[in-house]
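Participant: Given next are the chains, with one letter for each unit.
Number of protein chains: 2
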Amino acid sequence: MRNDQQSFRRCFNSSREKVEQALKSLASQKPLGVPARLWDAMTYSLLAGGKRIRPFLALESGRIFGVHEDDAMAIAIAVEMIHTASLIHDDLPCMDDDVLRRGKPTNHMVYGEGMALLAGDALFLMGPGYAARKLEGCRRVPAERVLPALQVILDASGPSGICGGQTLDTEEEERDKSSPWRIAYWKTAILLRACIMAPAYLGGASAVEMKCLSSFGSHLGVAFQIVDDVLDVSGRPEQLGKTPGKDAMQKKNSFVHLGGLEAAKAMAIDQSRRAKVALSGIRRDTTVLEGIVDYLESRNA
Amino acid sequence: MRNDQQSFRRCFNSSREKVEQALKSLASQKPLGVPARLWDAMTYSLLAGGKRIRPFLALESGRIFGVHEDDAMAIAIAVEMIHTASLIHDDLPCMDDDVLRRGKPTNHMVYGEGMALLAGDALFLMGPGYAARKLEGCRRVPAERVLPALQVILDASGPSGICGGQTLDTEEEERDKSSPWRIAYWKTAILLRACIMAPAYLGGASAVEMKCLSSFGSHLGVAFQIVDDVLDVSGRPEQLGKTPGKDAMQKKNSFVHLGGLEAAKAMAIDQSRRAKVALSGIRRDTTVLEGIVDYLESRNA
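In the order they appear, the protein sequences are chains A and B. Per our numbering, residue 4 is the first one in the first sequence, and the count goes up by one each step. Per our numbering, residue 4 is the first one in the second sequence, and the count goes up by one each step.
Simulated from the structure, these hints should not be mistaken for laboratory data. Wrong hints could be hidden among the right ones.
[Stated by the list, open to error] List time: in silico DSBU-like cross-link candidates among lysine-lysine, alpha-carbon distance up to 30 angstroms:
(1) B:Lys33 - A:Lys180
(2) B:Lys214 - A:Lys137
(3) B:Lys180 - A:Lys33
(4) B:Lys33 - A:Lys33
(5) A:Lys137 - B:Lys137
Required output: the full structure, derived from the provided sequences and hints.
Facilitator: The structure is reproduced here in structure tokens:
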């Protein structure tokens, strides 16, 4: 392993530990009045592991733009709540009908459909509310920087974001040749992009820097989704924590379906290259963000 | 009808027309990239009528605190989106399993369960995002006033708000004698309270005024829920647009169930009185808000 890869891994693992710690601490303090079973259902999925890539991106973006780590963490936690909410709802019987997620029973298998629905709703709404409260309370960041940060997160989650992407992914009639690109953008890239942009707003990044970050996040997110599609066909179940071939079985319009496995791999490499080009427009230390491009491209789970 | 009641009705009807107009205009402009079917499902429920009490409260609170009508309308629309989202999800088969809402087929009866789930998610998240964008874009309200306005709306929607209330309402094991009060507060009052408080933040209301408004909104909301429970037992189906007795049939722990119909009616009167007492602490023209207390107490649908 090269030196810069080793250094990236150290950063990534350290960020992951901090995020797990923050999530555990949050989960152990049920807000006053929240029904116990709802909180259990919410935190069951929030603590169910995952690579914590979104929080990592938020923390690293915060570091680059000189944001206090607690403030970047507020964004990191908010985005992970939103991401978790979307997974809980995606797994529901009326959507993908999955019984396992990361090797554990899905939320509705444990808590029932009604509670999984509410746990998803609650996490979707608690995310931005949590960030708003933390960032208003800290008195470190002026409100005019907090507002666009919240907005980019909310926009990435709604009908022009995750919800729109999930619609394209599930509705046959909305699909065409361009679907994999559109689904990857709306369902995956736009939230990754928000993870990077929101802390940059807090840190007062320039308009030029925001443009570079927007492009970086979009390409990184699309690359991420392409690799997901590739792994769905070629990955090993024990590494993936789920059954490979499920998307192909459901005849989903994946990137592999577009032009075959090798073409999809080439697309991932191209998107990763574009992500790095976008980063080069930022005159700050972005080596760790470059590291995640390589990491996500070469991952096997 | 007394003079002040007539004047209240004029205000109420005029507000309702403006809100319907604003919602229709919004629905006719699908945001770029949002899948057509998702937008159809979202706007189907958003335009399905209702009394538009929440938007009315937001507009009236905005008027009292000198907020530009467009800015109060941004809050009004956001809250109506959140309210609509909660209704779509409440009607789903895994929740109350309702086929009719306001005399029309429920969202999932028209668009299917998966799409109704996504339409609800999208409306939940588009609401605060819409308000954030409008209020940031208008450049009339300083960001440090927008932030607490968004926060009170987000808090009212999440696990310590609508989602928590809905959990209490559906989970047998979470229920006890205090349930009707807690359900009324979390599921209904807290969002009505947010409708009144959010525009007051925008208008720079004092801490004392915010406290009065918080109390007013809470009591008004609880009174509203008690009257709902009373109407469920004694209302006429042709006026309600739904089958009365459904809550009683589902053995829900309603206010009527607590101590009978007459006791519930007395509680509604008491809560309405407390709402008016709270209002009296505000040295501004609050006659229209007093009017809505009487209107909601004496409504028959």
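Participant: Holds or violated: B:Lys33 and A:Lys180, Cα atoms, limit 30 angstroms.
Facilitator: Holds, at roughly 22 angstroms.
Participant: Does A:Lys137 lie within 30 angstroms of B:Lys214 when you go C-alpha to C-alpha?
Facilitator: 22 angstroms, holds
Participant: Measure nothing beyond the straight line between the CA atoms of B:Lys33 and A:Lys33; if it is 30 angstroms or shorter, mark the hint as holding.
Facilitator: 38 angstroms, violated
Participant: Would the pair B:Lys180 and A:Lys33 pass a check requiring their Cα atoms to be no farther apart than 30 angstroms?
Facilitator: 22 angstroms, holds
Participant: Holds or violated: are the alpha carbons of A:Lys137 and B:Lys137 at most 30 angstroms from each other?
Facilitator: Between A:Lys137 and B:Lys137 the Cα gap is close to 23 angstroms, so the pair holds against 30 angstroms.
Violated hints amount to a single one, hint 4; each of the other numbered hints is respected by the structure.
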